[in-house]
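Asker: Letter by letter, the chains look like this.
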Amino acid sequence: MGEQEQKMILDARGSFCPGPLMELIRGIRQAKVGELIEVWSSDSGSRKDIPFWVKKAGHELVGVYDEQGYARFLIRKTR
Amino acid sequence: MKKVVILGGGVGGTIVANLLVKRLAKEEAEITLVDSTGKHVYQPGFIYVVFEGLNPGKLVREERKLLRRRVKLILGEAVRIDAEGHKVHLSDGNVLEYDRLVVALGARLVPEELPGFSEAANHFYSMEGAMKLRSALESFAGGKVVVTVASVPYKCPPAPSEAACQLDYYFSRKGIRDNVEIHFLSPLSRVFPLEPVNPVVEKIFGIHKIKSTTFFNVESIDLEKRVINSIEGESAPYDLLIMIPPHRGAKVVEASGLGDRGGWLPTDKYTLRVKGHPDIFALGDCTDIPVSKSGAAAHFEAKVVVNSIVADLRGEETAARYDGRVTCYCDAGYHKGFSMTFDYEHPPVPPPLSYRGWLMKMLLNKIYWLAIPSGRV
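Residue numbers (my numbering), protein chains in the order written: chain P, -7 to 71; chain B, 1119 to 1495.
Please note: incorrect hints may appear among the correct ones.
As the list claims (entries may be wrong) - Derived BS3-like pairs: lysine-lysine, alpha-carbon spacing no greater than 25 Å straight-line: (1) B/1369 x B/1205; (2) B/1369 x P/24; (3) B/1484 x B/1273; (4) B/1454 x B/1190; (5) B/1176 x B/1121; (6) B/1273 x B/1292; (7) B/1121 x B/1205; (8) B/1454 x B/1321; (9) P/48 x B/1329; (10) P/24 x P/48; (11) P/40 x B/1321; (12) P/40 x B/1329; (13) B/1393 x P/24; (14) B/1484 x B/1183; (15) B/1327 x B/1454; (16) P/-1 x P/24; (17) B/1329 x P/47; (18) P/-1 x B/1393; (19) B/1369 x B/1157; (20) B/1190 x B/1205; (21) B/1157 x B/1140.
Calculated from the structure, these hints are not laboratory results.
Given the sequences, and given the hints that come with them, work out the whole structure.
Answerer: So this is what it looks like as C-alpha cells:
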C-alpha cells in the first residue's frame, strides 16, 4: 500500500448492533473496485467474522493490525 | 434571539423540539421544526399492520398535536443546507437562518436501487408496503417464503428476524404452517445482529423450523426464475419474497454535499455534531454512527443534542456525550418476547424469552404517544 493511497475508514468500535461486519459490508457496497476500506473494531468476534466474509465475498484482506483495545482490518475491494 | 432549526418530525426531531422549548426561555431562542408531511408515524407498528391486522390509522398522529405550542412548525421540504451561511433553503423558496441546526430526517427507502425489487418484493418498512404485504399473505396458500434485506445499512437490524418469527406464528394460526417453508437469509455471520443474543434467536428458529442461511448479501433478483442471488455466489428460490428495501440518507443531505456515499451524515458518535460543522447536529437514522438505526437510539441521542444546544446558546461548555445506548424490544410470536439494552461499552446480556418480554413491547406500543415524543422519559 502506498503512503498516499486513499482509504475509507469506518470506526465501528463499540458497535454491537449492527456491528463491525455490517459496517464493512456497507463500505464495500459503497466503494469502487480497487479501493481500500479500513474497519476499526473492538469486538473480538470480528477476528473470525471479517476475514471469513472477505474471503467468501472474494475480496482481499490486506492486513489486520492490533491497536490499544481494538483492531484495524484493511480490505481491498477486488470485484 | 437565537434560532434553532430542526429538520424532521420523527421521534428524534420531535423530542429535541419539545425539550428545547422546555429548557430555553422564550426570549432566549426561537425553535422551528420543518417537516414535509406534518404526520408523525410510529414505524415499529408496521409489523402489526401486517401480522395482526392493526388499523394503520392507529400509527399516525398530527405532528402539531405532539409539539409544544411554542415550537413553530413549518410544513415544507428542505432542499439545501448552506452550512457556511447557516441557512436552510426550502422547496417553496423560503430561507431559514439558524444558529444551530438539527438534522433528524431519518432514512430514505430507495427500492429503485435494486433492479426487480418493486416487481418481486414485499416489505413492511412503509405503511403502503405493510398493507401490500398483508394482502399478499392473506392470499398465500403455501410455498417458499424468503425473508431478507436488500442491502445494508437498514432500520431496526433485528426486524427481519422478528418478521421470520411472526411469519411462523401467522401461518400456524392460519393452519397452513406445514405448507410453508420459511427461509431467512442473513447478511451477517449469524441470524441475529447482536452476537450475545444470537443463540436465543437460533433456538427459536430451530424450534419453529425456520431455515436460515448466513453471509447472504443480495446482489440481484432473477424475476423469471424467481430466485435471488448473493454477492457471495449463492442463490435462493422464492414463491413469496419479503425483502427490506435498500436505504439511503436524506435527500437534502446529499443535495447539499454533506453526506457520505450512501447519503449518511458523517457525525461524531459521542457529541453528535456533524464532522466539520460543529453548529449542525444530527441524530437518528440519518447519521453514519455505528449504532442501530432505531427510534430508541434517536430517543437517547435527543437528550444529548438538547443539552449541547442549550449550553452552546448560553456560551457554556458542555460535557454532553452520547454513550451509544440503545434499547431493543423483540416479539418472537406466541406471546413471547425479549428486550435488551446496550451501549458502546456494554454488550447486551442474553435475555430470557418470556411473556413479560412480549408484554414490555406491547406496553411500549401503547405508551409511546404519551411518553416519548414529549421527552417525558
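Asker: Compare the structure with each hint and give your call.
Answerer: Results for each hint:
1. B/1369 x B/1205: With Cα atoms ~17 Å apart, residue 1369 of chain B and residue 1205 of chain B stay inside 25 Å; holds.
2. B/1369 x P/24: 22 Å, holds
3. B/1484 x B/1273: Measuring from Cα to Cα gives roughly 21 Å; hence the hint holds.
4. B/1454 x B/1190: 42 Å, violated
5. B/1176 x B/1121: 34 Å, violated
6. B/1273 x B/1292: 29 Å, violated
7. B/1121 x B/1205: Satisfied, since the Cα-Cα distance of roughly 11 Å is no more than 25 Å.
8. B/1454 x B/1321: 13 Å, holds
9. P/48 x B/1329: 21 Å, holds
10. P/24 x P/48: 18 Å, holds
11. P/40 x B/1321: Judged against 25 Å, a Cα distance of about 22 Å means the pair holds.
12. P/40 x B/1329: 23 Å, holds
13. B/1393 x P/24: 23 Å, holds
14. B/1484 x B/1183: 17 Å, holds
15. B/1327 x B/1454: OK: residue 1327 of chain B and residue 1454 of chain B at ~17 Å, within 25 Å.
16. P/-1 x P/24: Holds: residue -1 of chain P and residue 24 of chain P sit about 11 Å apart, inside 25 Å.
17. B/1329 x P/47: Given that 25 Å is the threshold and the Cα spacing comes to 24 Å, the pair holds.
18. P/-1 x B/1393: Between residue -1 of chain P and residue 1393 of chain B the Cα gap is close to 18 Å, so the pair holds against 25 Å.
19. B/1369 x B/1157: Holds, at roughly 19 Å.
20. B/1190 x B/1205: 17 Å, holds
21. B/1157 x B/1140: 22 Å, holds
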